[in-house]
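Mind docking chain B on chain A? Use the hints.
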Amino acid sequence: MVRDLAAGLAGLARRGHSWLNTPLPPPPATLRRGPLRRGAFESRLRSPRLTSLLGSALAVAFTVCFVTGLISHFIQHPPSWFAWPSRPVNLYRVTQGVHVATGLALVPLLGAKLWSVYPRLFGWPPVRNLAHMIERASIAALVAAALFQLISGILNIARWYTPMPFFFTAGHYWSAWLAIGALLTHIGVKLPIIRTALTRPTPDRVTDGGLSRRGLLGAAGVAAGVITLTTAGQTVAPLAPVSVLAPRRPRSGPQNVPVNKTAGAAGVRNALFDPAYRLTVPGPARRVRLGLTDLAALPQHTVVLPISCVEGWSSTGTWTGVRLRDLVVLAGADPDDAEAYVESLEARGRYRATTVPPAHVRDPYTLIALRLGGEPLHPDHGYPARLIAPNRPGVLQTKWVSRITVRSNS
Amino acid sequence: MRTVRRALIGAGVLGMTYAVIGALTDPDVKGGALLFLIGVLIAHDAILLPLVIGVGALIGRFVPLRRHALIRAALLITLAVTIVAVPLVLGRGRAADNPSLLPLNYGRGLLEIYGLIWVSTALAAAVRARKERPARAPAPP
Chain A
2 MVRDLAAGLA GLARRGHSWL NTPLPPPPAT LRRGPLRRGA FESRLRSPRL TSLLGSALAV
62 AFTVCFVTGL ISHFIQHPPS WFAWPSRPVN LYRVTQGVHV ATGLALVPLL GAKLWSVYPR
122 LFGWPPVRNL AHMIERASIA ALVAAALFQL ISGILNIARW YTPMPFFFTA GHYWSAWLAI
182 GALLTHIGVK LPIIRTALTR PTPDRVTDGG LSRRGLLGAA GVAAGVITLT TAGQTVAPLA
242 PVSVLAPRRP RSGPQNVPVN KTAGAAGVRN ALFDPAYRLT VPGPARRVRL GLTDLAALPQ
302 HTVVLPISCV EGWSSTGTWT GVRLRDLVVL AGADPDDAEA YVESLEARGR YRATTVPPAH
362 VRDPYTLIAL RLGGEPLHPD HGYPARLIAP NRPGVLQTKW VSRITVRSNS
Chain B
6 MRTVRRALIG AGVLGMTYAV IGALTDPDVK GGALLFLIGV LIAHDAILLP LVIGVGALIG
66 RFVPLRRHAL IRAALLITLA VTIVAVPLVL GRGRAADNPS LLPLNYGRGL LEIYGLIWVS
126 TALAAAVRAR KERPARAPAP P
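Chains as they are written, first to last, in this note's numbering: chain A, 2 to 411; chain B, 6 to 146.
Extracted from the complex, chain A is given alone in its bound form:
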C-alpha cells in the first residue's frame, strides 16, 4: 500500500517534471523585432561576472535590510517568542539607521544590476517551456519587489504617501518577504552560473575608452558613497553639514529635537492645556490619579536618550520626569515584573497607545518625561507628559500620555 503510494507519487513527479519541461511551440520569427533581435544590445561591458559581483553585493545588502527591518517589525508587533532588550540604549538607533542607509545605498547597485541583465528580458523564444515560464515569473517578482522596497522606502522618508495606494508599513513588510523569497529562489536557480563567474577569471572585453567592469563597479560604489554621505547626517549628527539631502536634521525642531506628529495633527491641542488634566494609572492594587503638580512632586530623574525614528533619523535629548517603575509601584505592582499599557490623549490614530514590555518597565531609564532640555515639553513633543524609553522606535514613545494601565506580568 505504502509502496504503491510512493510509486504513484514518484510517477506523478516524473510526469509533472516532463510536463513542465515539454517544449512549447516557438512564436513566429517575424515577431522577433526591436530589442528582441539578436545582438540588439551592443555593450560588451555586460558579463556573468559583472552581474554576479553586483548580485553578491545586492544579496548582502538586501539581507541586512531584511534582518534590520524584521527587527523593527517585531519590536512593533512582537510575536510571543520575541523579546527586545532595553539596553544598549542606542541599539535600535543603529539597526534602523543601518536599514535606511543600506536601502538608499542600494539604489545604484540595483540599477547597475538590472542594466546588466536587461537583454535577458528580451530573450528568444520568450518562453521555452512551463518551467522556464515559472522561472521568468519569479524573476519578475524579484525585480518588482526589489524596486517596490527601494522606491516605497524613498517615498516614505520623504513623507510622500500619495503615490502609494496602500498603508506603507504593511506594503513594505509583505513586499520584503516577496523580495527575500524571490532572491533565495533566484540564487538557487543561478548558483552554477554564479559559481563559475566568480571563480573563473573573466577578462574585461571592453575596448579602449569604454567603461570597464572595474570602472562601472567603482562608479556604483562612488554613487552609493555620495548617497550615504549626503543623507546619513539625519542620524549621524557630525555628517549633518554635508548631508544636504538628509530628510531631517537631528537638531532642528522645537527644543532641538525633530517632530513627526505635531499636537495639531494629532488633534490634541485643546485637551493638553485642560486644567482638569490628570494622568490616570490604574493598577492591580489601586487606581492613581495625578495632576501636573502631583507629577512634579514625585522624585524627578534626568536621562539622555535618543528618539530613534523608523524613518532612520534620530536625535538625542535630555529628558526629565518620573520613572515609569515608580508609577508602577504607586499602582501596586512589582516594577520588576510588570507591563504597562500607555495611552495618549489622541482620540484615534494607529500609534495612540503602546504596550511597554517588562524589560523596559524595569529599566530605570524609562521615564514619563515632563521636561526636555530643562524646559517643560513643547506641545509637539508631548506636553504635559510623554513616554521616553531606551532602545525603542520613536512611534512607540507615546506623547500626550493620559493613562497608564499597569498589569502584573506573572
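Hints listed in this document are in silico derivations from the structure and should not be mistaken for laboratory results. Note that CB positions come from ideal geometry on N, CA and C, so glycine has one too. A hint or two may mislead.
Distance ranges between label pairs, derived from CB positions [said to hold, decoys possible]:
no. : chain 1 : residue 1 : chain 2 : residue 2 : range
1   : B       : ILE52     : A       : THR200    : 47 to 57 Å
2   : A       : GLY12     : B       : GLY65     : 47 to 57 Å
3   : B       : TYR23     : A       : THR356    : 44 to 54 Å
4   : A       : ALA41     : B       : ALA134    : 29 to 39 Å
5   : B       : LEU116    : A       : TYR342    : 32 to 42 Å
6   : A       : PRO239    : B       : ASP31     : 23 to 33 Å
7   : A       : PHE75     : B       : LEU63     : 19 to 29 Å
What follows is chain B alone, placed relative to chain A:
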C-alpha cells in the same frame, strides 16, 4: 550543490508564498500594493532603462571615445543621486505646522552635488588629458 540549490529554491518559494498569503489577508495592504508593484516594474523596465540605454547610445555617438568611460560613470552617479533626491526636492511631504520635516532646500543641495560630480569629472578628464599628451599628439577637437 544540488542540495543547496534545492534548499534555496524551496526556502524562497516558502518566503514568496508567505508574502502572498500575508498580503492577501492584511486589510492594510489592499489591491493598491499590487498596482504599485506592477507600476514600479513597468516604470523601470519600460521607461527608465530604455532612456538610460538611449542616453548611453548618444554618448557613444557624440562624445570622443577616450571620454566615454568618465562621462558614463558621472551620469550613473548623477542618476542614482537624482532618484533619491526627487521626492525631497518636490517636497510634497512638507507640513505647514512642522518645520522640522524636510527642513532643507533640497533643490540647492542637489545642484551642489551635481556641481561636485561634474567638477570632479572635468578635473579627472583634465588630468587624463595631461597624462595622455606626451604619449600621442593632441587629439583634434
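Checklist entry - Taking the beta carbons of PHE75 (chain A) and LEU63 (chain B), is their distance inside 19 to 29 Å? => result violated, 48 Å
Item to check | Pairwise beta carbon distance, ALA41 (chain A) to ALA134 (chain B), judged against the given window 29 to 39 Å | outcome: This hint holds: roughly 34 Å between Cβ atoms.
Next on the checklist: A range of 44 to 54 Å was offered for this pair. Does it hold for the Cβ distance of TYR23 (chain B) and THR356 (chain A)?
Outcome noted: violated, 25 Å
Checklist entry - Lying within 47 to 57 Å: is that true of the beta-carbon distance ILE52 (chain B) to THR200 (chain A)? => result violated, 37 Å
Item to check | CB-CB spacing for ASP31 (chain B) and PRO239 (chain A) relative to the 23 to 33 Å hint | outcome: With Cβ atoms ~40 Å apart, the hint is violated.
Next on the checklist: Holds or violated: the 47 to 57 Å window for the beta-carbon distance between GLY12 (chain A) and GLY65 (chain B)?
Outcome noted: For GLY65 (chain B) against GLY12 (chain A), whose Cβ atoms are near 56 Å apart, the range 47 to 57 Å holds.
Checklist entry - Okay, LEU116 (chain B) versus TYR342 (chain A) on CB: inside 32 to 42 Å? => result violated, 49 Å
Checked against the numbered hints listed earlier, the structure breaks hints 1, 3, 5, 6 and 7; every other hint is satisfied.
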